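Peer 1: Could you build the full structure based on these sequences and the hints that come with them?
Protein chains in written order, with the numbering used here: chain A, 316 to 612; chain B, 4 to 51.
Treat the hints as calculated values from the structure; they're not laboratory data.
Quick caveat: nothing in here was measured; it's all calculated off a predicted structure.
Check the hints yourself; a few may be wrong.
Quick list of in silico lysine-lysine cross-link-like pairs, BS3-like style, CA-CA up to 27 Å [to be verified]: (1) K559(A) / K541(A); (2) K7(B) / K357(A); (3) K440(A) / K354(A); (4) K595(A) / K7(B).
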Amino acid sequence: MRRNWLSFVKVTRNIKRRALQIVAFGFSNAYAGNFLQGKIYKGTWKQICNPGLNCYSCPAATTSCPIGAMQTVAGSIKFDFSFYATGFILALGVIFGRAICGNFCPFGFLQELLYKIPFPKLKLKKCFTYVKYVLLVLFVLILPFAVTNVAGAGEPFFCQYICPVGTLEAGVPLVLANDGLKSAIGWLFFWKMIVLIITLLGTLSIERFFCKVMCPLGAIYGLLNKVSFYRMHFTPQTCVGCKKCAHVCPMDVDPHAIPNSTECIRCGKCVDVCDANALKLGVFQHSSIISSENNIG
Amino acid sequence: MTNKQRILVSFLILAVAIAFIIVGVLRDEVSLIFNKAITICMECVGIG
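Peer 2: Here's what the structure looks like:
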């Protein structure tokens with residue numbers, strides 16, 4: 316009887332996460348009607364950054380992309396660094412860590428849906444997960460302020476040359492709906508389409524491909540996993556070493572070895588599958604759990 | 004890092020983050036971001 320009740324609780328957690336993702340996606344892209352008209356929302360919500368990655372030129376987008384915002388300010392004539400966008404990302408990251416990726420990010424949600432499509436599945440080599448740090452440092456942090464035109468203005472290098480989210484959510488729908496934009500496309504659009512196709516193929520075969528390999532926002536949140544308030548609590552004393560947690564993890568993390576890995580998106584699948592109740596997601600440690608974190612952090 | 008040290012670092016980062024947001028708002032970065040966000044971003048679209 317108790318086991319059946321526990322099974323019900325485990326199912327409910329995943330349903331709750333899905334519901335959160337749907338609500339976050341809906342809030343992030345509330346103006347779907349704009350797709351038909353080829354225009355974007357211009358209201359005051361755009362002053363606020365989205366917690367996840369969502370292009371602000373998506374016709375439906377309600378809020379601003381935090382990575383786009385960082386580059387906009389860094390590439391401006393007035394400033395080289397965005398305190399507002401950086402502070403926003405740091406605040407959310409230190410509170411939630413990469414739980415934002417697993418529960419609120421619109422593109423993370425899209426990737427999970429795409430992965431369900433039958434397609435040959437592959438495992439990603441760990442070395443590729445470091446690519447996102449290179450993209451973060453080079454394309455998001457350095458190039459927008461380091462490479463400028465004669466007026467002193469830089470370009471949003473990640474948005475311009477890499478971001479497949481912008482291509483998918485903004486580039487494709489706006490070019491299709493707007494003849495003026497259609498006539499202006501050149502080599503850059505085709506390059507971004509190549510990046511998008513590679514990302515989509517990667518997403519079909521590797522779970523959360525963009526999150527693992529390319530997302531600069533996930534890179535920042537992931538680093539903050541180590542110190543975030545909301546975190547994974549692991550009880551080694553109750554763990555039986557079955558490794559079910561590692562097998563079920565969409566990010567190829569071994570939660571019992573590295574409970575707060577920089578790759579962990581705090582989706583809770585490992586918590587659900589752990590029969591020994593050795594894993595828990597939350598802010599506070601359970602009072603009856605003796606955690607090794609007091610000794611090793 | 005002990006648990007207490009980690010919590011201290013967390014609160015420190017949160018304080019820095021809040022300070023950053025305040026500085027950013029005072030520097031009027033929000034209007035820069037807003038003006039960018041309400042105009043179709045040619046770089047994002049792939050036109051440059």
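Peer 1: Give a verdict on every hint.
Peer 2: Do the hints match the structure? See the list:
With a C-alpha separation of about 23 Å, the suggested pair K559(A) and K541(A) falls inside the 27 Å cut-off, and the hint holds. With a C-alpha separation of about 45 Å, the suggested pairing of K7(B) with K357(A) is violated against the 27 Å cut-off. Of the pairs offered as hints, the one joining K440(A) and K354(A) is violated, with about 40 Å between alpha carbons and a cut-off of 27 Å exceeded. At roughly 19 Å between alpha-carbon atoms, K595(A) and K7(B) fall within 27 Å of each other, so this suggested pair holds.
Comparing the model with each earlier hint shows violations of hints 2 and 3; every other hint is respected.
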